[in-house]
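Novice: Once you've looked at the hints, dock chain B with the ligands against the given chain A.
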Amino acid sequence: MKSNAKPILVIGGGIAGMTAAVEAAEVGYDVILVEKEAYLGGRVVQMNRYFPKMCPPSCGFEINVRRIRQNPRITVYTLSDVEEISGQAGDFKAVLRVKPKYLTGKYPVDVSVVEKLTGERNNDFNYGMDRTKGLYFPHDMAYPHGYVIDRETLSDTDAGVLQGSMPDDAIDWEMTDEKIKVKIGAVIIAAGWKPFDATKLDTLGYGQYQNVVTNVMMERMASNNGPTGGEITRPSDGRKAMNVAFVQCAGSRDENHLPYCSAVCCMASLKQARYLRDKNENSKTTVFYIDIRTIGRLEKFYYDMLDDANISFVKGKVAAISENPDSKNLILDVEDTITRENNHPEFELVVLATGMAPNSINIKFPSELLLNDYGFIEGATNIEGIYSAGCSKHPCDVSSTTKDATAAALKAIQCLIGGEE
Amino acid sequence: MQDTVGEKTKESPEAPVVEEKEIAVRIEPDLEFIRALSMQGGDLFKKCMQCGTCSATCSLSPDSKPFPSKEMAWAAWGMKEKLLRDPDVWLCFHCNDCSTKCPRGARPGDVLSAVRQESVINHSFPRFLGRMVNKPQFIPLLLGIPVLLLGLALFLRDPIGEKLNLSNFTGDRIIFNYSNMFPHWLINGFFLIISMIALIAILIGIKRFWRELRAMSGSNGRAGPAKSLISSALVSLKNILIHKNFDKCTTVHSRYISHMFVFFGFMALSMVTLWVISSGFNPLIKTDFVYPFGFWSPWKVLANLGGLALLGGLALMIRDRFRDNEHTSTGSYFDWTLISTLLIVTITGFITEILHYVRLEPHRHLVYFAHLVFICALILYLPYSKFAHLVYRTVAMIYAEYSGRNVASLRSKEIQYSG
Ligand SMILES: Cc1cc2nc3c(=O)[nH]c(=O)nc-3n(C[C@H](O)[C@H](O)[C@H](O)COP(=O)(O)OP(=O)(O)OC[C@H]3O[C@@H](n4cnc5c(N)ncnc54)[C@H](O)[C@@H]3O)c2cc1C
Ligand code: SF4
Ligand code: SF4
Numbered sequence: 000m001k002s003n004a005k006p007i008l009v010i011g012g013g014i015a016g017m018t019a020a021v022e023a024a025e026v027g028y029d030v031i032l033v034e035k036e037a038y039l040g041g042r043v044v045q046m047n048r049y050f051p052k053m054c055p056p057s058c059g060f061e062i063n064v065r066r067i068r069q070n071p072r073i074t075v076y077t078l079s080d081v082e083e084i085s086g087q088a089g090d091f092k093a094v095l096r097v098k099p100k101y102l103t104g105k106y107p108v109d110v111s112v113v114e115k116l117t118g119e120r121n122n123d124f125n126y127g128m129d130r131t132k133g134l135y136f137p138h139d140m141a142y143p144h145g146y147v148i149d150r151e152t153l154s155d156t157d158a159g160v161l162q163g164s165m166p167d168d169a170i171d172w173e174m175t176d177e178k179i180k181v182k183i184g185a186v187i188i189a190a191g192w193k194p195f196d197a198t199k200l201d202t203l204g205y206g207q208y209q210n211v212v213t214n215v216m217m218e219r220m221a222s223n224n225g226p227t228g229g230e231i232t233r234p235s236d237g238r239k240a241m242n243v244a245f246v247q248c249a250g251s252r253d254e255n256h257l258p259y260c261s262a263v264c265c266m267a268s269l270k271q272a273r274y275l276r277d278k279n280e281n282s283k284t285t286v287f288y289i290d291i292r293t294i295g296r297l298e299k300f301y302y303d304m305l306d307d308a309n310i311s312f313v314k315g316k317v318a319a320i321s322e323n324p325d326s327k328n329l330i331l332d333v334e335d336t337i338t339r340e341n342n343h344p345e346f347e348l349v350v351l352a353t354g355m356a357p358n359s360i361n362i363k364f365p366s367e368l369l370l371n372d373y374g375f376i377e378g379a380t381n382i383e384g385i386y387s388a389g390c391s392k393h394p395c396d397v398s399s400t401t402k403d404a405t406a407a408a409l410k411a412i413q414c415l416i417g418g419e420e
Numbered sequence: 000m001q002d003t004v005g006e007k008t009k010e011s012p013e014a015p016v017v018e019e020k021e022i023a024v025r026i027e028p029d030l031e032f033i034r035a036l037s038m039q040g041g042d043l044f045k046k047c048m049q050c051g052t053c054s055a056t057c058s059l060s061p062d063s064k065p066f067p068s069k070e071m072a073w074a075a076w077g078m079k080e081k082l083l084r085d086p087d088v089w090l091c092f093h094c095n096d097c098s099t100k101c102p103r104g105a106r107p108g109d110v111l112s113a114v115r116q117e118s119v120i121n122h123s124f125p126r127f128l129g130r131m132v133n134k135p136q137f138i139p140l141l142l143g144i145p146v147l148l149l150g151l152a153l154f155l156r157d158p159i160g161e162k163l164n165l166s167n168f169t170g171d172r173i174i175f176n177y178s179n180m181f182p183h184w185l186i187n188g189f190f191l192i193i194s195m196i197a198l199i200a201i202l203i204g205i206k207r208f209w210r211e212l213r214a215m216s217g218s219n220g221r222a223g224p225a226k227s228l229i230s231s232a233l234v235s236l237k238n239i240l241i242h243k244n245f246d247k248c249t250t251v252h253s254r255y256i257s258h259m260f261v262f263f264g265f266m267a268l269s270m271v272t273l274w275v276i277s278s279g280f281n282p283l284i285k286t287d288f289v290y291p292f293g294f295w296s297p298w299k300v301l302a303n304l305g306g307l308a309l310l311g312g313l314a315l316m317i318r319d320r321f322r323d324n325e326h327t328s329t330g331s332y333f334d335w336t337l338i339s340t341l342l343i344v345t346i347t348g349f350i351t352e353i354l355h356y357v358r359l360e361p362h363r364h365l366v367y368f369a370h371l372v373f374i375c376a377l378i379l380y381l382p383y384s385k386f387a388h389l390v391y392r393t394v395a396m397i398y399a400e401y402s403g404r405n406v407a408s409l410r411s412k413e414i415q416y417s418g
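Line order of the protein sequences matches chains A and B.
For the first sequence, counting from 1, position 57 maps to 56 in numbering that gives the first Met the number 0; every step adds exactly one.
For the second sequence, counting from 1, position 98 maps to 97 in numbering that gives the first Met the number 0; every step adds exactly one.
Because the hints were derived from the structure by calculation, they are not lab data.
Please note that the accuracy of each hint is not assured.
[What the hints assert, rightly or not] In silico DSS-like pairs for lysine-lysine, Cα to Cα no more than 25 angstroms straight-line: (1) B:Lys46 with A:Lys199; (2) A:Lys35 with A:Lys5; (3) A:Lys299 with A:Lys314; (4) B:Lys46 with A:Lys314; (5) A:Lys35 with A:Lys132; (6) A:Lys314 with B:Lys45; (7) A:Lys100 with A:Lys180; (8) A:Lys182 with A:Lys35; (9) A:Lys299 with A:Lys52; (10) B:Lys247 with A:Lys199; (11) A:Lys92 with A:Lys199; (12) A:Lys105 with A:Lys35.
Bound conformation, chain A alone:
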């Protein structure tokens, strides 16, 4: 019965997409997994540790990669996206667009050549905190595990140098976008999220003051494979940050920005306060919040931290931030709504707990795909046979993302079976 079912198309290779893919494939369904970046894993591979168990993202990630690699039913397209989906449930056609990789993969890349290149690009993986050359290794856990060429970054001399370092058929500069047409039975959208653009918070000084960073940047700074080699330092002078503020709901729960609660940033800040306690001895942390939202068993994580004298919690949303031009320290304007005082405390580093905005997807569907009020895609969309999972559906943490993805896989399978009858 399942042998002649059409494959499931999974859009997005983050934890949601990977989970949906393995769950469907391991019960015997074919899956096409399309990821727009050069590697799978999505945002979680950019994290330093996972709450609540504080394990490194490699744990779960490596198991998932192994499950994908070992399963012949899963076809992975990286550096790819979906242009168009037509047809109906059980009988869709999709057009995939695969970007050129230039490297033919016949020979290994000579690592020493990287240094000889001149063109540079912002390293998106580290949220622009450092730069890479036009030939780069995305990150040490990357799957597929290989170098990537960014043609636009390579200068013509760079391209020549690269070509000269390898046999002729190692690189094919003639490669262009490749269109692949596939027949599929169901679609799971798992396109995930992007950090809310903190430059829109005009009073909080992100992009204006060097020592105002976002929580996703903090994850990279804390990571050993990050731009600072795992040191939590001030961007302005590289000193260890010893007095740090977390600004909760930066952009979330705000009808001028994201009207919803992003669900994970409270836990993310608590987790990052723990990084600080571990990495910068005796450092002080203050979390400014409206409510600490640690749902269910996560509440314990919070309660355990309340005993730490070096971590304080102040109830009040930060309204504005200014910089002391000499010390590059930051001064906050915030009301402590419990003591009813307007305070102006000073910090060496400020972390904006920015929320999650849904990734927009630019795909032509058989009919218009409806988004909900907040711009997310409902689990069962208005188009039969198309489902969503993970942060495409709502802001959530990894554990609910994986449950979601499993549910979406089941929905997709039901659709395939229904289509066969």
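Specialist: Below, chain B with the ligands alone, put in the same frame as chain A:
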């Protein structure tokens, strides 16, 4: 007066005043009050999540017990007594910087404005008039009173309209001036009486207000006054004249200009009026004082400039209220009645003046009559309308100086670095 237990404790002699110890307060929401606030367009307080952004944003709010976040909580809890005796609601100049930044669209600026209206009504004497003045259905009655009073004055002096020559009006250009209709003594006497009535009413209101303010003192954690009353009054006066607080508004900075125009326009006109009224006994005025003034007499020039400033300022205010900006206030009934009354007074004033030169009979007397009716309404209802802010706000500002409350905290942006 029995909305909070804090209030009740005060009435029993042995219990200490526990005003600020909110922990011990059992809240008995005044639903009537919540409803009244909601009616004035302040119902958005229900959306408030007590994040404190508004207080931290406000450039007039002091560091200790800042507004308007605490008022938002009180409004939601229906804590009428606390709100009505809160001088802070009068320290707010409704710039709506807070409403612009409020993440919930709770519009704290507009809520405080609604509280101020309730405060005026609640302190007013007699209170029923306060309620009536702020309900549209009473407009005919409220305007009927000045019409009746002025009509009565007219009738008593000139029962058959002979002085106005209305009975045998032929359309000829009859040379007479407005004082044929209302001679000087009549108009001065009439408005003197009206003003006295309003003055007494507002004084009673202010007395109630001041008493509550005094009852509150000590809750700032300060033993005695910060300044003497005189110097508090002088500082406040200066701040009012230079429009210091308006200048801090960033959401609609044009309010600074518009209020300045209306304020000084109104002051100029009031000065001219007082000058004229006092002509009979003012030693500064020479005996050959001739009325009406010539067009280029300094007093006339001042009056005309004042009128123009008033007109321009009001036009600006109206424009700001219609401006396509979701963050500015579109104004409440309370707000619009003052603006429109002032506008009508100004416009009818100008028409009266123009018709004086054009001598279009008898319409100009009708316009003049309307002009007087609206001036009368303005004065008579001052204690009950938004106009009363002139008095309540001044008193609250003086009190804030006096009690040391008027120390708006520096926003971090304004903190000076010594290096
Ligand atoms: C600061 C911070 C810290 C966090 N820490 C934790 C934590 O410690 N523990 C925890 O459980 N959760 C944490 N989270 C939440 C966690 O990041 C999310 O739950 C998780 O990333 C959701 O996975 P996802 O697959 O839905 O989305 P994503 O991780 O965003 O993956 C989506 C994937 O889809 C790809 N994609 C997007 N559009 C397209 C397209 N059109 N075509 C093809 N591919 C596309 C993207 O490139 C990406 O690879 C944190 C979140 C934040 C903001
Ligand atoms: S999770 Fe916390 S910080 Fe994030 S939006 Fe919700 S309440 Fe705000
Ligand atoms: S900013 Fe808005 S939500 Fe926050 S305390 Fe003020 S009124 Fe309430």
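Novice: Each of the hints needs a verdict: does it hold here or not?
Specialist: Verification of the supplied hints:
{"no.": "1", "hint": "B:Lys46 with A:Lys199", "verdict": "holds, 23 angstroms"}
{"no.": "2", "hint": "A:Lys35 with A:Lys5", "verdict": "holds, 23 angstroms"}
{"no.": "3", "hint": "A:Lys299 with A:Lys314", "verdict": "holds, 19 angstroms"}
{"no.": "4", "hint": "B:Lys46 with A:Lys314", "verdict": "holds, 18 angstroms"}
{"no.": "5", "hint": "A:Lys35 with A:Lys132", "verdict": "holds, 20 angstroms"}
{"no.": "6", "hint": "A:Lys314 with B:Lys45", "verdict": "holds, 19 angstroms"}
{"no.": "7", "hint": "A:Lys100 with A:Lys180", "verdict": "holds, 19 angstroms"}
{"no.": "8", "hint": "A:Lys182 with A:Lys35", "verdict": "holds, 20 angstroms"}
{"no.": "9", "hint": "A:Lys299 with A:Lys52", "verdict": "holds, 12 angstroms"}
{"no.": "10", "hint": "B:Lys247 with A:Lys199", "verdict": "holds, 23 angstroms"}
{"no.": "11", "hint": "A:Lys92 with A:Lys199", "verdict": "violated, 39 angstroms"}
{"no.": "12", "hint": "A:Lys105 with A:Lys35", "verdict": "holds, 23 angstroms"}
Comparing the model with each earlier hint shows a violation of hint 11 alone; every other hint is respected.
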